[in-house]
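Counting from 16, one number per residue, gives the positions in the sequence shown under the working numbering.
Check before you lean on any hint, since a few could be wrong.
[Unchecked claim] For lysine to any residue, the following SDA-like pairs were computed, each having C-alpha atoms within a straight-line distance of at most 25 Å:
1) K382 / Q277
2) K126 / K382
3) K148 / E81
4) K231 / P181
5) K20 / F174
Since the hints were made in silico from the structure, they are not lab data.
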Amino acid sequence: MNRIKSLNPQYVFIILGLIYGIAFLVLIPPFQVPDEYEHYYKSWDISNGHLIPEKIGNKAGVSVPESVKIMTDNVYQKWKYYILNNQSMNMEYLLNLPLKSSTNTFVDISKYAVVTYSPLPYLASALSIALGKLFDLSPLILLYLGRFGNLLLWLLIIFLAIKITPIFKWGFLAIALMPMTLFQAASLSADCIAISLSFLSIAIFLKLALDDNIKKITRKHILIIISIGLLLGLAKMPYIMLILLFFLIPSKKFESRTKMFQIFGLTFLLAVLIIAFWNFMVNGLYMPLDPGISIKDQLLCILHYPVDFIQTMLNTSSQYAGELPFIVVGNWAYANSPIPNLIYYIYFFIILLVAAFDKGSFKISLKQRYIILGSFLLIAGTIFILEYLTWTYTGAPVIHGIQGRYLIPILPLLFLTLYEKSERTKNRLLVELMMSLFIILILSKVVFIFINYYYALYF
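Start from the sequences and build out the full structure, keeping to the hints where you can.
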């Protein structure tokens, strides 16, 4: 009789991700995920076949049935008010609210960058909402249905990423099951697709670079690489630079070094063109929430005072460095998280242990480590710059608007720098079972905290 020597991490992920993903989906109140209000309207608009929001005067948004607006107005950011004042919300009324209304109403979402996002991050949620509308489900149920569509697609893509990557499989699993990652995956947020596609892209480049069974880069591989560039460009712009991981692939796997640079150049060019095309299509839709913030003035400030800007970047990095476990692992709900800080640090420590344990027979060269770390720093720096341009006053000593969820798509790169080639760990099955148990215990604790925090008044 054959003994089980190890667990398949992709199947462990799909089981735990489905169980706790559904729990998060149901327990987290509507619109507690940052910008989910705007994401809901984007999903709704795309479910009607509209790829670009409607522009009326200096506003841009969507037309929805009056019942949809009633639901969102009753729920949006009011849950916290009810909790603080020991009041319960009339969920039965909202769940039974008829979808069809005699009139439509226009909702302006131009104050948030969400208005400029491509339809790609909303395909799963929009399709789910469209199916629900066929049965005249209430607007609130449609929201949960859209969340479920996002969750299923996220589970599938992360499953493929864990299966494809030749190394750090348990690391991908641990990061994907962080409370913050599940929080995004079980919502209507565009981060759901940005995270999953980034993980898949990293996994594919690692496969092409490290798998000795792949002797040469074929046309099929080239099409996959180009597709990665296009999808990342339409998902969220900063993560397009994950295509720099292309240079992890040894040049000997290409016909020539010239061919290698031609393939990268084509991928980069097409990705830039798709981004430029979409930005042209949505130009003028976004109106910054704070009129005192000027993207033009911020750009001029960077060009005229580059040393001051570098100091601002360093100040911001220093400020957030000590809070990394907190802001990345699980600071959510508009930074009003009910989860004790200790849980965040324990989970971050678990990821570090996984990075130390999850070794393999593949070797990462020093050059490849520089590429991995450089890609992480470049993307993180780009995120900082974008937040400086869109959320920060000119001359501010630190950059505002930085959120830990922005780093989740590239977090595997940070921990991959710790990877070392080694023989299989003794008692591997026991270690894997212990890691799975720790993750289960922490996620179960988070679920019970959610129940007590959000729903105690209903019992």
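Against the structure, the hints:
1. Distance check on the hinted pair: K382 and Q277 sit about 21 Å apart at the alpha-carbon level, within 25 Å; holds.
2. A C-alpha spacing of about 43 Å is found between K126 and K382, which places the hinted pair above 25 Å, so the restraint is violated.
3. Between K148 and E81 the alpha-carbon distance is near 15 Å, which keeps this suggested pair within the 25 Å criterion.
4. Between the alpha carbons of K231 and P181 the distance comes to roughly 17 Å, so the proposed pair stays at or under 25 Å and holds.
5. At roughly 21 Å between alpha-carbon atoms, K20 and F174 fall within 25 Å of each other, so this suggested pair holds.
Going down the numbered hints, you'll see the structure goes against just number 2.
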